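With the hints as extra help, turn the sequences into a complete structure.
Each chain, letter by letter, is given below.
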Amino acid sequence: AQSVTQLGSHVSVSEGALVLLRCNYSSSVPPYLFWYVQYPNQGLQLLLKYTTGATLVKGINGFEAEFKKSETSFHLTKPSAHMSDAAEYFCAVSDRLDMRFGAGTRLTVKP
Amino acid sequence: DAGVIQSPRHEVTEMGQEVTLRCKPISGHDYLFWYRQTMMRGLELLIYFNNNVPIDDSGMPEDRFSAKMPNASFSTLKIQPSEPRDSAVYFCASSLTGAGQNTEAFFGQGTRLTVV
Chain A
1 AQSVTQLGSH VSVSEGALVL LRCNYSSSVP PYLFWYVQYP NQGLQLLLKY TTGATLVKGI
61 NGFEAEFKKS ETSFHLTKPS AHMSDAAEYF CAVSDRLDMR FGAGTRLTVK P
Chain B
1001 DAGVIQSPRH EVTEMGQEVT LRCKPISGHD YLFWYRQTMM RGLELLIYFN NNVPIDDSGM
1061 PEDRFSAKMP NASFSTLKIQ PSEPRDSAVY FCASSLTGAG QNTEAFFGQG TRLTVV
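Chains A and B are the protein sequences, given in the same order.
For the record, in the first sequence the residue sitting at position 18 is 18 according to this note's numbering, with numbers rising by one throughout.
For the record, in the second sequence the residue sitting at position 57 is 1057 according to this note's numbering, with numbers rising by one throughout.
To be clear, the hints were calculated from the coordinates, so they are not data collected in a lab.
Over 12 Å on every C-beta distance to chain B, these chain A residues come out as not near it, computed from the model:
| no. | residue |
| --- | --- |
| 1 | 15 |
| 2 | 17 |
| 3 | 20 |
| 4 | 55 |
| 5 | 63 |
| 6 | 66 |
Cβ-Cβ distance ranges computed for the label pairs, FRET-style:
| no. | chain 1 | residue 1 | chain 2 | residue 2 | range |
| --- | --- | --- | --- | --- | --- |
| 7 | A | 79 | B | 1027 | 36 to 44 Å |
| 8 | B | 1044 | A | 64 | 25 to 33 Å |
| 9 | A | 16 | B | 1007 | 35 to 43 Å |
| 10 | B | 1083 | A | 111 | 36 to 44 Å |
| 11 | A | 60 | B | 1005 | 17 to 25 Å |
| 12 | A | 52 | B | 1030 | 16 to 24 Å |
| 13 | B | 1063 | A | 64 | 43 to 51 Å |
| 14 | A | 111 | B | 1007 | 37 to 45 Å |
| 15 | B | 1083 | A | 53 | 40 to 48 Å |
| 16 | B | 1056 | A | 111 | 39 to 47 Å |
| 17 | A | 20 | B | 1022 | 36 to 44 Å |
| 18 | B | 1022 | A | 77 | 36 to 44 Å |
| 19 | B | 1071 | A | 18 | 41 to 49 Å |
Some residues of chain A that are not near chain B, with every Cβ distance over 12 Å (derived):
| no. | residue |
| --- | --- |
| 20 | 64 |
| 21 | 72 |
| 22 | 75 |
| 23 | 79 |
| 24 | 82 |
Here the structure is a predicted model, which is why all the values come from computation and not from measurement.
Ideal Cβ placement from N, Cα and C applies to all residues, glycine included.
Set out below in structure tokens:
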């Protein structure tokens, strides 16, 4: 079985500050890992994904995440937060069959 | 492609009534997922299909919930009878396997269900 734990249901940063959203996973097989973003009243949109190869992956809107097998982590970062980044972020793990999501982290960006 | 299409976008129904949610996956995708999102429980996987066949329905909360996929372009999630605690946003998602790999899931806009 696979699962995802997102540390911190709410994260608040100032505009221009570093964004760090934490995700740890468990999987019995080499995982595929994803970060999705959800804006109010919208579906989930893929930010980035890791399947194989380079462990540092870059996504849309300046986000990136690093797969660290030894730490079973896939934390999402962005060097400088923008007001438009305010949304809910979901980490997900796939064993190539189904996809399981974390509980989500709501990001607030203060002016 | 128009993406994953769900209907209706909003549904308000009375307790005890039957509710049917509909989903049209992206053409060519062979996996279809139904998720439920609530404040209390987050995003839960209810059931998923591969090539129209249900693979894992262990997330379906009760026998009141049923899902079908009669063909590659259509799926339904039915709740009968509905209860207030079923109120949630229900998402459908689809994905494509290639070379044995499952790519990311593409989500519909969701159906917001309110049972009063």
